[in-house]
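Those protein sequence lines, which keep their order, are chains A, B and C.
If you're matching positions, the first sequence starts at 1 in my numbering and goes up one per residue.
If you're matching positions, the second sequence starts at 1 in my numbering and goes up one per residue.
If you're matching positions, the third sequence starts at 1 in my numbering and goes up one per residue.
These are computed hints drawn from the structure, not numbers from a lab.
Quick caveat: nothing in here was measured; it's all calculated off a predicted structure.
You may find that some hints are simply not true.
[Stated by the list, open to error] Quick list of in silico lysine-lysine cross-link-like pairs, DSBU-like style, CA-CA up to 30 Å:
hint: 1; chain 1: A; residue 1: K101; chain 2: A; residue 2: K30
hint: 2; chain 1: C; residue 1: K41; chain 2: A; residue 2: K31
hint: 3; chain 1: A; residue 1: K30; chain 2: C; residue 2: K41
hint: 4; chain 1: B; residue 1: K532; chain 2: A; residue 2: K7
hint: 5; chain 1: C; residue 1: K220; chain 2: B; residue 2: K532
hint: 6; chain 1: B; residue 1: K563; chain 2: C; residue 2: K41
hint: 7; chain 1: B; residue 1: K433; chain 2: A; residue 2: K83
hint: 8; chain 1: A; residue 1: K101; chain 2: B; residue 2: K532
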Amino acid sequence: MLFLLFKIRNERYCLDVSRIVEVAPMVIFKKIPHAPPYLSGLFNFRGTIVPVIDLSALLYEEPCRPLLSTRIILVDYIGPNRKRHILGLLAEHVTETISRKESDFQAPGVEVEDSRFLGDVIFDEEGMIQRVEVERIPPQALQEYLFSAGKDEAVDSE
Amino acid sequence: MRRYLKGLRISQKILLSSLIFALPIVVLLYFMISGFNHTIRFSNQEIWGMKVLEPLERLVELVSEHQLLVRLYIEGNKSVEDKINGNGKKVDEAFSALLKEGKRLEVPLRISEKHLKAAGMEERFYILNIHKNWQELNSSWKTISSTTQNDGQHELIMVPVQALIKKVGDTSNMVLDPDLDSYYIIDVSLLTMPKVQNRLSSFILDVESVLFKGFRTQTDAVRFGSFAALLENDLDRLRQSIATALAEDKHYYGESPTLQKNMPPLLAGYESSLIAFIVVLKRLSNDPAFNIPIAEFMETSQQVIESGSALRAGSMKELTILLDRRIDNFKKKAYAALSLSFMALLLAATVVFFISRGITRPLRKVADIAGKIAAGDLHQARESLETIKNAGFDINDLLIDPSKQVKNEIHQLFYAIATMTSSLNSLLAQVQKSGIQVTSSSTEIAASARELEATVAEQAASINQVTVTSKEISATAQDFAATMNSVTEMASKTAELAGTSMTDLSDINATMNALLESTRQSTDKLNTINEKMGNISQVITTITKVANQINLLSLNAAIEAEKAGEYGIGFSVVAREIRRLADQTAVAALEIEAMITETQTSVGEGMAAVELYTRQTRTSTESIASISIRLERVIEHTQGLKPQFGAVNQGMQMQSDSACQISEAMGQLNETAIQTRDSLIEFKKVTQQLNEAVRDLQNEVNRFTVSS
Amino acid sequence: MNQKEDDIPMNCWREIGISGDFTCPRLLELVHCRNCSEYNKAGRQLFDREIPKGFLEEWTQNLTGTKETETLDTTSVIIFRIMSEWLAFRTVYLQETVNMRPIHYIPFRSNNVFKGVVNVNGELLLCVSALDLFESTRGEGRAPSGKTIYERMLVISREGERYVFPVDEVLGIYRLPLSELSDPPVTMSKTPTNLVMGIFNLLDKRIGFLDDEKFCQSLKRSCAH
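So here's chain A without its partners, still in its complex pose (with noise of 0.2 Å):
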């Protein structure tokens, strides 16, 4: 299996490519009043409208920097509704893949709430890499936020 390599602050994530549909560079986003910190605003990828998560931003409240490595991951989303979404999600140094066994992934052994969504971990020779779970990126609030269709008002409790 394939995984796409990014950076969050110094620390080194991964991410099934084959949830990815496309990475992007940085654009420019539009900006929803409001909304939380972590939500990097709107953009039209392709004729869709794409919501971008900072992954950053939504770890350690402090945006990706602009560089040229700094890039979007667009990834297939299955929301709560059992739909299918694109989702954006903004992270550094989006420049290179590892080729992995899904066995060689082992356990953390520790889980906090509000980062469920990175999950089991493979090792390099520049250290460990934590992988991280699509569809547990969203927190519940900004799920409903999101992509619920029906709703008008934006529910902004995070």
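Fit chains B and C to the supplied structure of chain A, relying on the hints for placement.
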């Protein structure tokens, strides 16, 4: 043989095996029927025997009567001549019947001349010869003069006739008759009765001759008594035989109504006449006084003979009837056996037909469905399967609950086909889906490749630009070096001039101006270099952007390649290679940038030095113009400036080196770009092959109509 | 930014690598610094630059459009030049393009078309001269000005037979709609017309589309005697 068997259709195979099973039945049937036929033939043989025995027996009777009458005639009783003639006619009739039947049945009864000869019988036993002897006797009986001659002549006929009776009795299997009723009737008609009749004839003859004599001796009386006893004995035997026959009759093919009806009166008639005859004999034996007229005696004896004849003929007729009944019975049995067997066979054939149809029809259906699957129409195959709902058998039921036990192999087959169809259906749907996925991946990859190509072309253009610029820089730097050389030269010259003749100030002034002009040009050149370096910096930014994009595109290509699964393996390798090349480009760009920075630093230093020199020169020139008195000091000062140019030159040298290095780095960049392009060729090649593979796969899969 | 291995200096290839004194122990294994992860990491630093001006705007615009995809009803060809002749060959049968390498002459077997064998990735493949197959004009190949030309060798593989032949230039791989193909004119150079299926125009060049079957057959024939 085995190949032939394998080539047979199932119905043919079933037919073949049922034929093989039917074979022993047919053989058994054959043996049974032939057993019946044997019995029938056996009975027929008896009937044929009867046909011949009948005239033969009659002949025995008639000829012995004839003998008797002729004897009477010889003894002087001429009144019997008419009787003899009447008897002769009856003998003729009997002979004609014998000849006819004897001729007809000579083969089965083995009484032809050939058979008789083979059996060791002489010519006188041949029927034709017997007849000839009779004809001779019949025409010449009047010439017979003695009893001895008479007996001899009649024996010529009687002996062969008796022999023939024995012979026919043997060949017609009469003695082997298996049924008790017919056996006893045979006993009556063929053994006892002829014997009794014969005996009677001789008794009658004897008695008549005694009566004719007119007196009876004691010996005669005793003989008559023994005659009576013998006849009583015979009568007993007859009674017993007939009673047995009548009693046993019902055990053999049912009671014969004619037998039961006809035999008792015949026996009774014979009994009464025989008893009357016996009474006469007894009286003649016991009562010497008793006398009876010959005519009356002859009448009594005639009655006995006639009733005996009737009994014999009647019993023979009954025997024929019994035998016919037996034949009928066996024929019926044979027909029953045959028709039963044929019915059984027919039934078996029908059952086999239905069984084979029960196998072949579903099989044909399965074959039909399999054919549809082979032709790729899974949808129709499924529909056909769903329409099959045999009694208590529903494919869908089975598919829903496979744990249900299927006992019938045909149902198992249907189930297997149904399972296969549904698996195939889902598999193909999966394959079609994967095919679409791979196609979309491959088109995306192709698109990436094209973008990459465009990007690389942009990179190549940038590199060209850098190369041209760096060449220009190099040229400018050389110009600058030349200018600096001339500056140095002129400075030296100024110093020289100042040293040798410190008088020609205007000369110095002019040289100074030229010097100023040169340094100004130098500054311009340095500015140009700086500007061009700035240009290169911009190009590096472009290269950075391009390398960044190549990295991005190769990431996307790798992602798509992974999605294309096994087909994408080729791409992931190439994508990684391209990413590595982008990294190399980046390194080259970084190096160039570092060199530009270095160069710009040295150019800056050089400019500062030239600036300083120019300022100082200008100051000096002004000093020369205004204070010529301090000329010496100025010259000293000018001379002191010289070493500073060395620093500038050194800077320039470095700059020239940098330009060279940039050129070198550019060469490296160019090489990278070319490698990238080569990789792209590889990439596109793999894309094309993937496309072809996908197209093949889709063509293959499109043969199948999948039901959703 | 995070210098974790202190014994490896920044820009190490300049000091101990291929641009330096070759003392780096990794060189023994990797042969060239470009195969080293340090080199790649250094390259990646370039991408850690701040986003240049105009970049965001440009990409924001770019990403709104739909992605171009390739159509399948075309044929992909590799276009190359032999002397003055531009030729195209179906990509499906192309196995590899490699740099020029020495051809090993085989005594008594080599002829004007079959040149010998060539080592490609450790395999010895038959090398043929397509130039002599075409009996092409021996005139000077015109080199397009202002551009560096690289000679290449093409490895083709069709029905299990593989051949290598040198070409003077590879233009690249292009998709060619077969409808644009026209019959080769009778006057077209000295190329045996039966090897060229048709011609088409691309980038101001007239390109002959090779009949892969006939081409491979004539290669086979040349190698057979």
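Verification of the hints:
no.	hint	result
1	K101(A) x K30(A)	38 Å, violated
2	K41(C) x K31(A)	34 Å, violated
3	K30(A) x K41(C)	33 Å, violated
4	K532(B) x K7(A)	37 Å, violated
5	K220(C) x K532(B)	56 Å, violated
6	K563(B) x K41(C)	27 Å, holds
7	K433(B) x K83(A)	19 Å, holds
8	K101(A) x K532(B)	51 Å, violated
The structure is inconsistent with the numbered hints 1, 2, 3, 4, 5, 8, although it conforms to all the rest.
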